[in-house]
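S.K.: From first to last, the protein sequence lines are chains S and E. Per the numbering used here: the first sequence ends with 71, consecutive numbering throughout. Per the numbering used here: the second sequence ends with 465, consecutive numbering throughout.
One thing to keep in mind: the hints can contain errors.
Now the stretches of chain S that chain E is said to cover, found in silico as 3 or more residues with beta-carbon under 8 angstroms [stated by the list, open to error]: (1) 11-23; (2) 26-34; (3) 50-62.
Beta-carbon label-pair distances, calculated as ranges [what the hints assert, rightly or not]: (4) S:A33 - E:R260: 53 to 59 angstroms; (5) E:E331 - S:Q11: 29 to 35 angstroms; (6) E:N151 - S:Q11: 15 to 21 angstroms; (7) S:A41 - E:P300: 44 to 50 angstroms.
Hints listed in this document are in silico derivations from the structure and should not be mistaken for laboratory results. Everything numeric in this text was worked out from a predicted model, so none of it was measured. Glycine included, every Cβ here is placed at the ideal spot set by N, Cα and C.
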Amino acid sequence: MTEPLPDPNFQVEELLALLKATFPGRIRPEDEADLRARLQANAERAAELRRYPLDFTDEPDFVFRARPDGG
Amino acid sequence: MGAEFAFQPVRELARRIRSGETRPTELAEYFLDRLGRLGSAYNALVTLTRERALREAAEAEAELGAGRDRGLLHGIPYGAKDLLAAAGYPTTWGAAPFREQRFDYDAAVIRRLREAGAVLVGKLATVELAGGMGYTQPDAAFTGAGKNPWNPEFWSGGSSNGPGSAVAAGLVPFALGTETWGSIITPSAFCGVSGLRPSFGRVSRFGAMPLSWSLDKVGPMGLTADDCGIVLEAIAGPDPADPTTVDRPFRWEPPDPGRRFRVGVLKGAAENAQPEVAQNFEASLRVLAEFCALEEVELPDLPFNGLAGTILFAEAGSVFEDFITSGRVAELTAPEDRYRPYVYLVVPAKDYLRALRLRKKAVRLLNGLFDPYDAVVSPSRLTVAGRVDQDFRTYFPPRTAGVPISAAENVAGLPGISVPNGFGQNGLPTGIQFTGAAFAEERILGVAHAYQLRTDWHRRHPPVG
């Protein structure tokens, strides 16, 4: 691989098109600019998070119990 | 109904009950009348729970008469944000599509208040679905825009607008609100009341509308920090129905009036604030300096807004996936709430998981930073409330939307309390927030209580009814 793959998070137009195709008629033309800005904001948030390093020991916190009684 | 019970803190109402100056049924009738008569003026009331209130008040009266005293809340009326289930009444979540929704059980917090002898008089307004769909204006609920008792042409804040307005106008002695990201602190500041966001895990969320499973908190809003402490003691504690709750005892006793505290002042907290907000914060620091050692503290470099947004949108997208994909979202009141949630459906799992992994660092760093202090202070909000007909994007430009600590404290599940500290533009209240390390509610309440012993902002009330 000689070039990095494009980051899907930045494919705002593709995501907008996906939403419009998945939910036809739900997104009015006059709302598209705001929705596009929201998608862009999502992408920028994701990019911001990627600027902070994590390693293999950084596991997420999940509230999970293997038994209903918490055991 | 000649007696005046509005604007009396819990301890005073409790004293009057025990001295025989009043009875729980008289208090219930008084606040049912006041809430029913004035609640609509602020779009604060969804449902008056008259039958239940009169039954609970009669039970409280009989018990107290028989010598069984459940504590300070026994016989005290209150209201609950309409995100909290109460058996026998609609629980609308502030949203038109859920107007007829009913649950046959009480939320854990309402059950605990019932066990403490408190009397539910009303379900109070909320921004639809706790504001989680991306609203940009106050008129975002079927109940209409929340109106501020200090001036009904201005907003009461969100999303716990009903509790904020109702407490500020003396329509209930205290109320329960919820916060995912600012929803207790903001209306408390805008309405000039005291509102406590507990640590995540301190109070059961069972029976509360989920918006974000790892960010939602339920907490009290009242006239004073003392009131908030009394209510928190009643509602706190582990609950098998909410596996995120923890077994850490909480007891509220006001600290010795002569006690000194160590308080951090958040660096840059008042930057971008309205001038009056900054001035009031500086004045508050001068009061705090009389009984606190003040030191500047700085938040660690972490992307708190990005963390809060990613976690909230991913979890809300899952909570409301069926509601969004079914198209019922189009039935919501605010036009932007009808399409904005679609973006929640395309938050990548890897981004959500990255946010959760980074949150562990945030939790460790923030608790380490806050542990040495009894509280860290900042303005509760950088502005006073805007007009009820004003779009947030013109009044709250993104860079001044909130104090820097707002996202950090919610991501890490830290407790905070907002208490009034003056007035700003248009004669509207401003607030100061005391934030603490996780499960340090007693410490932040102690500082806030000591502050209120030296100020009278919490004793000023709007001219209502």
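S.K.: Next step is simple, just say for each hint if it's right about the structure.
M.R.: Hint check results:
1. 11-23: holds (count 4)
2. 26-34: Coverage by chain E holds here, the residue count being 5 at a Cβ distance below 8 angstroms.
3. 50-62: holds (count 9)
4. S:A33 - E:R260: 53 to 59 angstroms: Distance hint for A33 (chain S), R260 (chain E) holds at roughly 54 angstroms.
5. E:E331 - S:Q11: 29 to 35 angstroms: Check passed, 31 angstroms falls within 29 to 35 angstroms.
6. E:N151 - S:Q11: 15 to 21 angstroms: 46 angstroms, violated
7. S:A41 - E:P300: 44 to 50 angstroms: The hinted range 44 to 50 angstroms is violated for A41 (chain S) and P300 (chain E), with Cβ atoms some 23 angstroms apart.
Checked against the numbered hints above, the structure breaks hints 6 and 7 and satisfies the rest.
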